[in-house]
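Student: Take a look at the letters that make up each chain.
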Amino acid sequence: MTSSKFNVKEAISLVLVVAVAHSLLSLPKNLLEEQKSAVILNIIYVSILAILFSYLVYKLFKSFPGKDIIDISEFLGGKSLKNILGILFISYLAFSGSILLRNFCESIKIVYFPNTRVAFIIAMFIAAIIIVCSLDFKSNIKTTFIIMPIVLLSMVFLFICNLKNFSTDRMFPILGDGFTNTFITGIGNLYAFSGIVFLYFLPPLLKNPSKFKKISLISISISAVYIIMTVSIILFMFAYFVNIDEIMPLFSAARYIEFGSFFQRLESIFLLIWFIIFACYLSITMMYCIEIFKKITNLKDSKPIVPFFGLLFLAIALMPKNYASSSFLETTAYPILTIGITFILSGLLLLLANIKFVKQKGR
Amino acid sequence: MIIINSKLIKNIFIILLLISLTLGFSKSYISYSIDNLDFVLAMGVDVADSDENKLKVTFEFSKSSNYTPESGGSGSDKYKPIINTVEASSIDSAINLMNAHMGKELKLSHCKLLVFSEKLAEKGLSQHIYTLINNVQIRPSTNIIVSKSDTQYYLENLNPTIEDHITVYYEVFPNSGKYTGYTTNATIGDFFYSMSTNTCESFALLAGMSSDQNDEYKDINNIIAGNSPIQSERKAQNLGIAVFKDDRLEGELTALETLSFSILASKVNNFLVSVPNPNNSNDYLDVYLFDDKNTKIKVNIINDTPYVTVDVKLSGEIGTTSYNSDYLNQVTLDEISNYTASYLESIISEFLYKTSKQYHSDISCIGKRALREFTTWTDYENYNWKDRYRDAFFDVNVDVNIKSGSLITQT
Chain A
1 MTSSKFNVKE AISLVLVVAV AHSLLSLPKN LLEEQKSAVI LNIIYVSILA
51 ILFSYLVYKL FKSFPGKDII DISEFLGGKS LKNILGILFI SYLAFSGSIL
101 LRNFCESIKI VYFPNTRVAF IIAMFIAAII IVCSLDFKSN IKTTFIIMPI
151 VLLSMVFLFI CNLKNFSTDR MFPILGDGFT NTFITGIGNL YAFSGIVFLY
201 FLPPLLKNPS KFKKISLISI SISAVYIIMT VSIILFMFAY FVNIDEIMPL
251 FSAARYIEFG SFFQRLESIF LLIWFIIFAC YLSITMMYCI EIFKKITNLK
301 DSKPIVPFFG LLFLAIALMP KNYASSSFLE TTAYPILTIG ITFILSGLLL
351 LLANIKFVKQ KGR
Chain G
364 MIIINSKLIK NIFIILLLIS LTLGFSKSYI SYSIDNLDFV LAMGVDVADS
414 DENKLKVTFE FSKSSNYTPE SGGSGSDKYK PIINTVEASS IDSAINLMNA
464 HMGKELKLSH CKLLVFSEKL AEKGLSQHIY TLINNVQIRP STNIIVSKSD
514 TQYYLENLNP TIEDHITVYY EVFPNSGKYT GYTTNATIGD FFYSMSTNTC
564 ESFALLAGMS SDQNDEYKDI NNIIAGNSPI QSERKAQNLG IAVFKDDRLE
614 GELTALETLS FSILASKVNN FLVSVPNPNN SNDYLDVYLF DDKNTKIKVN
664 IINDTPYVTV DVKLSGEIGT TSYNSDYLNQ VTLDEISNYT ASYLESIISE
714 FLYKTSKQYH SDISCIGKRA LREFTTWTDY ENYNWKDRYR DAFFDVNVDV
764 NIKSGSLITQ T
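Taken in order, these protein sequences are the chains called A and G. Mind the numbering: the first sequence is residues 1 to 363 in our numbering, read in order. Mind the numbering: the second sequence is residues 364 to 774 in our numbering, read in order.
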């Protein structure tokens with residue numbers, strides 16, 4: 001992991017890829033379902049909290065330069081805590097990546113491959129990410145860095161092209177389901193910024209660790225703008241997502257893009273771009289799992305365990321009985337796990353480690 | 364002892380993977396092969412003749428040879444629709460039966476028109492709309508039509524008289540509303556949206572067959588599909604709007620009422636109206652109007668009653684020129700502007716009150732504008748806009764600025 005270091009832009013795209021991958025499926029739909037017309041207000045509010053949290057993360061990491069959360073857990077609770085936390089992060093990342101993979105494949109099966117078993121589509125992705133993970137981490141990040149601007153531009157394009165279908169009246173009633181739902185229980189929507197989890201492992205990977213603050217703040221801010229944009233597209237176009245569940249809301253929005261009778265059916269181009277970025281997200285997630293595993297087991301070479309992790313992802317993705325189960329896991333279990341592990345547990349751990357650090361320093 | 368090279372294992376693994384993926388995806392590839400597909404251009408859904416609870420589904424196909432360079436644009440071989448009908452319990456089972464009959468799979472991704480009969484629309488379209496929108500092949504931009512006559516008969520008579528390519532014609536004709544306002548582009552995407560929210564009601568394009576005798580036709584106010592002064596080789600007419608309350612057909616709007624709807628929805632770019640000539644009360648002037656700005660609709664809830672203010676801003680030029688016309692005179696222009704404005708105010712008000720008091724159906728999506736009057740969704744839902752729309756009051760203000768005549772400004 002330490003053999004290849006990232007620059008600022010690559011690190012930002014690494015954090016962004018999580019928000020992008022999740023926005024392709026249920027994230028905007030779930031946010032809209034929970035917040036209704038107040039979704040933009042809620043996301044702005046949650047974005048401010050996420051930026052503050054990422055700043056806090058930067059502050060807490062300041063005492064441990066060049067160390068990631070696994071190293072810090074070892075400092076706090078020794079090897080046992082390091083192993084427990086490592087396994088917990090591997091499980092979380094493998095679970096979130098695999099379930100998202102399953103749902104993405106279920107969606108593209110419905111759209112493009114009606115007669116192909118979903119296992120084949122998943123296997124195609126798994127084969128791709130095994131090959132990618134067998135290569136250097138750096139090459140993976142470089143690919144993500146190249147694809148990311150295309151994805152962001154495609155989303156801006158989607159937003160602009162659908163302007164004619166927008167109705168800004170749909171952001172009213174401004175408070176949606178009320179103040180409590182928007183500002184108190186709505187804090188739970190912090191899970192939209194699950195990309196913060198990758199920040200915990202960034203410090204040792206950075207070419208210039210002093211840029212960690214810049215990376216944290218910029219990546220979360222761009223994620224916020226991106227999420228607001230995706231949610232706005234859905235809110236201004238399809239207010240009925242409050243009541244109706246559709247597999248890929250952004251895909252539905254892409255189907256509305258038409259320039260006369262000459263340019264139609266542009267959704268295929270969008271889907272192609274989303275395929276690539278989704279593969280990037282999966283390979284980064286798997287790469288992280290492998291690197292954490294390497295760290296807790298003191299393995300020197302990770303290549304032999306790549307197929308094992310590929311099979312693990314495949315197995316988890318195939319576990320849900322059907323789309324209903326995998327969708328439930330994505331919309332219910334994933335947000336809870338994200339809030340629990342990424343925000344509460346990791347935040348507490350960093351805080352306790354800092355207290356211990358200050359105490360040790362005091363002695 | 365055989366030494367197995369790790370590179371060899373890797374290559375074998377890659378080959379096996381490629382073979383298995385090829386096999387896995389071949390089924391989907393075959394199903395999308397053009398040889399195995401029949402493209403549906405339009406679909407009609409009607410109540411079955413034999414059983415009221417069944418559907419009569421009509422499919423319109425086109426021969427692929429119609430699109431070859433030899434036939435395209437020559438005009439020698441006139442388009443002949445291939446229309447097949449099947450009775451079944453649902454749209455999906457009708458498609459299934461037709462698949463078996465045609466020996467190919469029906470593909471709806473190029474279906475431009477969905478025609479429902481008036482009889483079926485009166486029973487409710489909810490189930491059919493949900494079924495169709497659930498089909499990934501149906502595009503949200505597919506036009507939705509309610510036919511006053513049998514859907515099969517309608518589709519048989521919808522042949523374009525000038526256009527050779529029916530797909531082009533099907534795509535273009537609903538857009539004529541942009542320069543006439545007498546019809547409108549009603550899509551299944553919008554229909555589904557309106558049906559599933561509590562801010563709007565749905566509408567569809569109205570179609571009918573021209574009858575030999577137009578007894579009811581008296582003036583422009585009564586023009587509607589199936590009752591118009593148009594005489595043409597093509598019997599199918601598309602004029603007006605079918606108004607829905609929830610998923611049921613509630614009534615019809617004439618061409619002129621459709622124009623009012625189009626002005627409110629800012630769906631018309633330019634249109635023509637005939638207003639009395641200020642210089643000659645027996646004469647009419649044709650005025651071309653242009654939708655300069657989107658119509659502003661504001662809703663205030665006063666004493667629990669919706670009070671709707673509509674502001675329309677139009678500019679125009681006079682098309683009619685006769686002896687002794689003076690379109691450089693500001694007084695004349697102002698007079699014509701005022702006539703036009705009051706005429707439009709009256710037809711738009713009539714349209715709004717008709718949808719409100721007679722049909723109780725907010726097809727203009729005024730409920731969307733009422734949203735900002737509420738703080739929370741619970742408040743809005745408790746207000747029950749769809750029911751309160753019938754109590755609404757309307758204040759329509761039309762500002763018309765007639766700028767001049769066209770090429771000739773003074774005679």
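Quick caveat, the hints were computed from the structure, so don't treat them as lab data. In this text, all values refer to a predicted model and were calculated from it rather than measured experimentally. From the three backbone atoms N, C-alpha and C, an ideal C-beta is built for every residue, glycine too. The reader is advised that the hints may include incorrect statements.
Said to hold, decoys possible - Derived lysine to aspartate or glutamate pairs resembling EDC-like cross-links, with alpha carbons at most 16 Å apart:
(1) G:K661 with A:E258
(2) A:K164 with A:E258
(3) G:K676 with G:D654
(4) A:K164 with G:D553
Claimed, not checked - One-sided and incomplete, this derived list gives chain G residues near chain A with beta-carbon spacing under 10 Å:
(5) Y392
(6) T739
(7) F756
To be verified - Which chain G residues stay away from chain A? Per the calculated CB distances, all over 12 Å, these:
(8) P523
(9) R597
(10) N747
Student: Each hint needs a verdict: does it hold in this structure or not?
Tutor: The hints, checked one at a time:
1. G:K661 with A:E258: Not satisfied, since the Cα-Cα distance of roughly 30 Å exceeds 16 Å.
2. A:K164 with A:E258: holds, 11 Å
3. G:K676 with G:D654: holds, 7 Å
4. A:K164 with G:D553: holds, 13 Å
5. Y392: Hint on Y392 (chain G): holds, closest Cβ of chain A at ~9 Å, below 10 Å.
6. T739: It holds, given that the least Cβ distance between T739 (chain G) and chain A is near 5 Å, below 10 Å.
7. F756: Since the shortest Cβ distance to chain A is 20 Å, the answer is violated.
8. P523: Per Cβ check, P523 (chain G) is outside 12 Å of chain A; nearest 15 Å; holds.
9. R597: The claim holds: R597 (chain G) sits with its nearest Cβ about 21 Å from chain A, beyond 12 Å.
10. N747: About 14 Å separates N747 (chain G) from the closest Cβ of chain A, which puts it past 12 Å; holds.
Checked against the numbered hints given earlier, this structure breaks hints 1 and 7; the rest are met.
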